[in-house]
Amino acid sequence: MHSEAAIRKPLILGDKDYHQITEDVCAPVEGKANRLWYIAFSIALIVALWGIGCILYTIGRGIGVWGLNTTVGWAWDITNFVWWVGIGHAGTLISAVLLLFRQRWRMAINRSAEAMTIFAVMMAALFPGIHMGRIWMAYWVLPVPNTFGSLWVNFNSPLLWDVFAISTYFSVSLVFWYIGLIPDFATIRDRSQKALPKFIYSTLSFGWTGNVKAWIRFEEVSLVLAGLATPLVFSVHSIVSMDFATSVIPGWHTTIFPPYFVAGAIFSGFAMVQTLLLMVRKVVSLEAYITRKHIEYMNIVIVITGSMVGIAYLSELFISWYSGVEYEQYAFLNRATGPYFWAYWAMMTCNVVTPQLFWFAKIRKSFVMSFILSLFVNTGMWFERFVIIVTSLHRDYIPANWSMFHPTFVDIGIFIGTIGIFFVLFLLYARVFPVLALNELKSILKISGENFKKQQH
Amino acid sequence: MANEKTYWNSLEQLNGDQAFLETAEKEFKDPIPVEEFVGKQEFDSNTTNRRDFLKFVGFSLGAATLAACETPVIKSIPYVMKPEEVYPGVANWYASSYMDGSEFASILVKTREGRPVFIKGNRDSNITKGGISARGVSSVLSLYDQARYQAPQKKEGGETTWAELDAEVMMKLKEVAASGKTIALATNTIASPSTEAAIKTFQDAFMGERSVNEYDENGEVVGATTITASSVERYTIDPISYSGMREANAKNFGKRVLPNYDFSKAKVIVSVGADFLSTWLNANSYSNQYTSRRDPDGAWMNRHFQFETNMSVTGSNADVRAAIKPSEYGKALANLHNALAKMAGTSGKSFEIDNDNNAAEKIQQAAKELWAAKGASIVVCGSNDPNHQMIANEINNLLGNYGSTIDLNKSLNLSQGNDYNLSQLTNGINQDRVGAVILYGVNPVYNAPAASGMTEALSKVGLKVAIAERPDESTVLCDYVAPDVNFLEAWNDYEVVTGEYSLAQPVIKKLFPAGTRQAQSTLLRWAGAENTDYYTFLTSNWEKNIFTKQSKESFFKAFWNTSLHNGMVSLASSSEVADGTTFTSGASDALASISKEKSDGWELQLYTKTSIGDGRAANNPHLQEMPDPISRISWDNYITMNPADMLDQGYETRTAQETPAHLAKVLAGGQEVTLPVVAAPGQKRNTIGIALGYGRTEAGKAGNGIGQNAYSMSTFKSGNVGYGVTGVSVEKTGETYAIASIQTHHTMMGRKIVNETNVTTYKNVDRSDKQNGWNPIPVLKNAFGEETPMGEVDLWSAQPGIARHHLWGMSIDLNACTGCGACVTSCHINNNVPVVGKDEIRRTRSMFWLRIDRYYTSDADPNKNDGEKNYSEMENPSAYPDAVFQPVMCQHCNHAPCETVCPVAATTHSDEGFNQMAYNRCVGTRYCANNCPYKVRRFNWFNYNADPMFTDVNPSQDDLGRMVLNPDVVVRSRGVMEKCSLCIQDVQAGKLQAKKEGRPVKDGEIQTACSAACANGAIVFGDLNDETEVAKRATHGRSYALLEEVGTRPNVSYLTKVRNRSGEEV
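Sequence order for the protein chains is C and Y. The first sequence: position 407 = 407 (the numbering used here), numbered continuously. The second sequence: position 282 = 282 (the numbering used here), numbered continuously.
Treat the hints loosely; a few may be bogus.
Cut-off 20 Å, straight-line C-alpha distance, at most; resulting in silico cross-link-like pairs (EDC-like, lysine to aspartate or glutamate) [said to hold, decoys possible]:
(1) Y:Lys781 to C:Glu326
(2) Y:Lys75 to Y:Glu1027
(3) Y:Lys752 to C:Glu328
In silico contact screen, one side only, chain Y against chain C (beta carbon under 7 Å); selected entries [stated by the list, open to error]:
(4) Gln657
(5) Thr900
(6) Thr925
(7) Tyr927
(8) Asp1003
From chain C, some residues computed to sit far from chain Y (all C-beta separations above 10 Å) [said to hold, decoys possible]:
(9) His19
(10) Met122
(11) Ala125
(12) Pro145
(13) Ser205
(14) Leu278
(15) Ile300
(16) Met348
(17) Lys362
Just so you know, the hints here were simulated from the structure itself, not pulled from any lab data. Quick caveat, the model's predicted, so the values are computed rather than measured. Even glycine gets a Cβ: it sits at the ideal position worked out from N, Cα and C.
Put together the whole structure using the sequences plus the hints.
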C-alpha cells in the first residue's frame, strides 16, 4: 500500500475534492473556448494550411522543389522525421515506464504527453511518405500480398524496419492512450446535457460502467500495455538510428547511435512536453495539477538525458580520432569547423551547455526558465539531426561530390506546416478530450492530496 | 375517438368483401395486358426483381463509365513494304564521316528502325582510328533540331518555294555577273573533292570577261583591265583560324599547307599553346596517337612539355607544364630555339619571360630533352601568328623532325581558311566590286573579329544568299536562304589527309524532304547544270578522279561498294619521301617581329572548349550541358583567372550553388563584354581566358543568350586573326552572376582518389612498399597488429553466382584518359539521360551517369608536408597545380551499399556482376544514393520530359528531338533513381548475337557507350571471368579500386596514373 510522508508536498494542490477535479478537467470540454484558444487555433490553422499547400505542391511537381541535391539526398525531410519521432518518445515513456516504476506524479501529465506522442508520431510518419519520389507507390514498403509475382520487400533495409517500428509504436501508443481515456470519456458522457455530445462520448467510452470489475480489468490492461510499450520506447529510436548506423557514410556509420538516439529522443520528448505543459497549465488553468514539482522532475530527466547526449557527442569525437580512419576523422572535424560549423555549435550549445543550468535548483524550479530552456532543447535537437544528416552527406568520401544544402521555401513551409498541424490537433484535443487523466488523478487525491494529508495529521 | 369516423364508398367495402379489397389495391381496375408483349412463360421464368434491376443499372453505368476512360490509343503503323535490312528491334550500323567544318571523324552510325540514334568513332579509320570528340558524338542530336530550316526562306515574305527561290537567285546572280561585279562565295573549310568539283561547276557557269579596276595601296582606282575569269570568287574563312600556320609553312616550304603530325612517333613533345588533345587541328587523331605512348610499361613513354596561358586539357596531361602569357608564346619558342641552337653550335637570340613558375628552367629542360630525342620529337604551337609558327618550324627543322614525326607531303586539309580572305572580302565590298555574297557554312556576322568590319560590310551587299542547315546570325540577314540537309542525311566525300578518302552517306531520309536540299545540289542547280543530283555527281566524280588512282579494284562498282562499306579508302602512296631539304629559314624576320611583342597589362587568351568548339553547335543541349573538363562549368562562358589574382582583386574564388561569381567588364580590342570571373588554377598570373563559341543570338531556344560572344575581341593584325590579346582592362562591376558548376570542391584532400605516381617510383619501388609504396593495398589491422587485406575482409557472403558465367567489369586507365569528355556525351545519348539545364546543374542535380572528376593539387598536400594535414589549406589548389581526371560511373560493387538499404528491393545484384536498377519498382526514398560512397546515383527530381521548366533545354520534350531517344532504354519517370547500367542493353544484345552464332562472347565485342567513345583505350569493358583485356588490367600492379578500404568490391577498377617524371623536377 502506498503511503506518503506528511512533509512531502502533495501532488495536487489547492484543496481539491473529487468533484472539483471532475469540474476542472471537464470545464474546457463543456464550456466555451476562450479568446486565447481561438487566436492560437487560427494561427495554427493558417500555418497548417500553408504546410499542406507545400506538401501538395511537392507531390504535384516533384521532390525537386526541395533544396536537396545529388550529394545531399536527405535533409530537412528526414531531419524533421527524426525530430518528430524523438518528440513522440516522452508520452509513452511517461505513461508506460513511469507507470511500471509507480511514479504517481506522472498522472497529471501523462494524458497530454501521450496525446503529444500520438500527434508527433503522426507528423513524423508524414515525412517518410512525402519524401518518396513516388508517394503513390508508398504502399510498396509494406509486405502486402501483391500481383507482382514473388516480389517482396527487402528485409535487409533499415527503412523497412522503420516502417514496422513506427507503425507498431503508433498503434500501441494509440491503444494505450485510448484505453486510458475510456473512463474519462464515460465521466464526460455522464455529465453531458445535450444529445449529440452524449451520443459521441457514449460511443467513445465503449459503454463503460465504472464497476469494480471494469476497474480491475482496466488496471490489468494498463499494466500489460505498459509492459508492451516500454521496450518500444527503446526500440523505435534504436531502429530509426539504424537508418544511419548501418550505412557506410562517415558520421552515420556509428555503433553508438542506438543508445545515443534513445537518450536524445527522451531528452527532446521531455523538452517538448515541458514546452506544451507550461502553456497548457496556463491556458486551460491547470496550475493546481501541473505543479512546480512536475516541472522540476521533468527538468531532472532533461538534465540527465542531456548529459547522456553530451557524452555521446564527445564519444563520437573521440572514436573518430581513435578509429584512425581518414574519412571518419574528417567527417567530425568538418562538423565542428567546416561550412556547417554553426549548426554543430548550435547543437552543442542547446543540447549540452544550456541544459546544464538545470543543476541549479532555482532554475530547475522556475517556470519561465524551464520554458526558455525547453525551447533551446527543442531547437538543439532539431540541429542535432540536421548535423548528423546534412553535414555527414555533404562532404563524404569523394571530394568532387562535395556540395552544400540550401533549403527552399517548400522545405521551410513543410516543416513549419507540420508544427501548425501538430498544434491544430493539440488544440482540438485540449477542447474535446479530458486533458488530465481525471479518474486516475482521483486515486492520488486520496493519498497525496492536501486535504487527505491534513486529515491524517 | 369521435373524429375517427370512417366513411365508406360502398357496401362491399363496408362488408370487407374479398373481391372488392383485391381490386381496390390495384391502381388500374383491369389487369394490364403484359403477357401480350412478353410471352407468359418468359415473364414467369424471369426472376429479375427490382433489386436485381438496380444492380444491372449500376453495373451498366459503371461499365460504361469505365469504358469511356480508355487509355490513349497510340497508333503504330507497321511496315507495308518492309525495307530490306531493317528489322524492328535490330540496330543497323553504317560507316560515315563527321565533318563540321573544323573537325573531322570517321564514324559509325547506329540506326534503329531507320533513325540514327548513336554515333561512335570508326576504329578502322586510317585517320582518326576511332577518335571522336564530344561534338562528334552529340552531333546526332543536332539532326533532330526543331530550329533547322524547314523551307526555303526569302527576306520579304518568309517561306518560299524552291522554284521561286531558284528562279530569283539565278536571275539576280546573272544580273550581278552581267554588271561586271563579282559573286563572293564564302565557305568554311570544305576538304571534300566532290564538293570542290561542284563549286568548280558553279564557278565555271559564271565564266566570262569582265573589267577589273586596279587599285593603289590606299584603295584608289588607278586603272582598269579586262580579264577572263569566273565572276564567282572563293573566300575560305574559318571561325578558328590556322591561317598563320599555313602562311609560315608557305614561307618555309613554299607550300601553303598544314603538315600531318604523328604524335605516336614522338618521344618528346613540346607544345606552346596548342591544345592538341582536345580542339587543336586534327585532335581526334592526335589524342589516340599520344595516349598510345603513355603506357609506363610500353617500350617507351613520351615526355610532354606544355607552355600555355590557360590550363587546357592538353596542359593538364603534360608531364611538365609552365604557364606563360600570350605575349610570350613567341619568346618562349625563341628561347627554346636559342637553347637548341647553342647545342647545335650556333647562337641565337634570347628573351626574358615572366618566370613565376619556372618557365625559363622548363624551357631549358625541354631543349635538353628535345636535343636528346632528335628526329623523334614534335614542337607545336597554337598561335596563329606566322612568326611564331616559323620559329616552331625552325626548331622542328633543327631537330630533323620533318620526315619522321611531321609529314609535309601528306598534308592535313582541315582549316584551310585564309585570314587574308577576310580583308579581301570586306575591301571588295567596300570598294563596290562585290555584287553578291553567297554564305555557305560560314557565319561571319557572329565570328569574324570586330576589327575586320565584316558585319558592316555585309550590310552593304546588294544580294546576300545563304546555304545553311540552320539559322544563324548571318543567315537571318540574308535575302535568300537555301536550306541544306544535315550531314546524316547527305552524301559527301572528304580528303582530310592527302590520299585518305572518306565517304559520308545518308543514314535517314531527309526529315524535311520538301524544304531542304543538299548544298551541292543547290550550287549545281544555280550553275544551270543538267544533273543536279549530288549522289550521281559524287559517284561520277569518284569514277573519274579517284577510282583511277588505284589499281586494286578493276570495277568501279566494287571499288565504290567497298569504300562505302568501310566509310573510307586509303590511296596514299608511301613512296613519297618527306623532305626537310627545301626548308627556307625565316628566323631572322620572325625573331625581329617577336622582339617587338610586349607584355601590356592584363592579357587575354581566347580559347575553344571541347564541348562547344567554335559555337556552331550551340543549340545542341547535350553540348551545353556537358561540363568543361577543366572548369567543370556548363551552360556558360566566363573569364578564367588565377585564384591568386582573384584574391588580390577581391573576386569570389569559391563559387557554388548560392555563392555566385563576380562579374567583370573586359575591354579588349576595342570591344567590351561583361562576364563572370571564375577561378582557374594554372592560369598564368595577370592573364585571363575567355571561351569562344558563346553568346549566340540566333542559334535556337537552347543556345540563344548563353554566355557572351568573344570572337569580336580577337585581334586582326597583319592579315591574321590573333587569339592572344594584350593591353586588356578587367574591371570588377560589383554585380554577381550565378554559375552552374558540376563540381564545387577541387582538391583531393590528401585521399587516394586518383592514385598518381611518377615513372621513376613506378619502375623502382614496390607498389606496397611501407615507405614509398605507390599503390598500397588497403589492409585492416587488428589489435595484435595483424594485417588482413581489405579484399579478404567480409561481412557478407559472396554474391551468388559471382564466379559462374560472366562477371562484367570495367577498367579505366588514368594514364590514357585525357579528360576530353566524349564518353560523357556518348553515355548521355545512349542512355536517354535527361538534359536538366543550367539552374539544375547549379543545384548539383546533374543527371550524368558518367562524370569526369577533375582534381587540382594543393600546396598543402600532406604528401608534400610530411603527412601533416591542414584541411582548410588543402581545400585551396596551388596557383599552378597539376590537374588529373577521373571518369566515375556506377562502380557495380559486388558488396553494394545501395542494394541493402532499398526498402522495396528496387536495386539488386545480377548474377553477372551488375548492380541493377528496376525503375518500375523504385519508390524514390533516395536512401541508396545517400549510402553510395561514390555518389553516382541520380534522382529524377522533376518530370524532365514534361515539366515546363525544361522545355527549352530537354530535347525529349518535342516530337522531333524525341526521335533521338534510344528505343532500347526506358525513359525514366519522375521520382525514381537511375544510374549507370554499364549499358546493359548492349551487353544483352551482344550476348544474344553470340548465342545465335553459337559461340562464346569475344573480348571487345561488347562495348559500352563510354568505352566505344574512347579510342584512347582508357575505358575497357569486358568479362572479368574470361581471358580478356579487362581481366588482365584488373590484376595489373597499377590497378586499384576506388575507395577499396570501404569494402564495396567494385567491378570497376582504375589504373594508377603514372606521369613521365623523375620526381625531381622544378
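Going through the hints against the structure:
A C-alpha spacing of about 15 Å is found between Y:Lys781 and C:Glu326, which places the hinted pair at or below 20 Å, so the restraint holds. Distance restraint check for Y:Lys75 and Y:Glu1027: the Cα-Cα separation of roughly 48 Å exceeds the 20 Å cut-off, and the hinted pair is therefore not satisfied. Only pairs whose Cα atoms come within 20 Å are accepted, and Y:Lys752 paired with C:Glu328 is accepted, the gap being roughly 15 Å. Because the closest C-beta pair between Y:Gln657 and chain C is about 6 Å apart, less than 7 Å, the hint holds.
Proximity of Y:Thr900 to chain C holds as hinted, the smallest CB-CB distance being about 5 Å (cut-off 7 Å). At a threshold of 7 Å, the smallest CB-CB gap from Y:Thr925 to chain C is about 6 Å, leaving the interface hint in force. A hinted interface residue such as Y:Tyr927 counts as satisfied when its beta carbon comes closer than 7 Å to some beta carbon of chain C; here the least separation is about 6 Å, so the hint holds. The beta carbon of Y:Asp1003 is not positioned within 7 Å of any beta carbon in chain C (closest approach about 30 Å), and the interface hint is therefore violated.
Look at C:His19: its CB is around 52 Å from the nearest CB on chain Y, clear of 10 Å, so calling it non-interface holds up. Non-interface status of C:Met122 relative to chain Y is upheld: no Cβ of that chain comes within 10 Å, the nearest being about 20 Å off. The beta carbon of C:Ala125 is kept farther than 10 Å from every beta carbon of chain Y, the shortest such distance being approximately 14 Å. Distance check for C:Pro145 against chain Y: the nearest CB is about 15 Å away, which clears 10 Å, and the non-interface claim stands.
Non-interface call for C:Ser205 relative to chain Y: holds, since the shortest CB-CB distance, roughly 38 Å, exceeds 10 Å. Taking the minimum C-beta to C-beta distance to chain Y, about 37 Å, the non-interface status of C:Leu278 holds against the 10 Å cut. Non-interface call for C:Ile300 relative to chain Y: holds, since the shortest CB-CB distance, roughly 37 Å, exceeds 10 Å. The beta carbon of C:Met348 is kept farther than 10 Å from every beta carbon of chain Y, the shortest such distance being approximately 20 Å.
Against chain Y, the non-interface label of C:Lys362 holds: every CB pair exceeds 10 Å, the least being about 43 Å.
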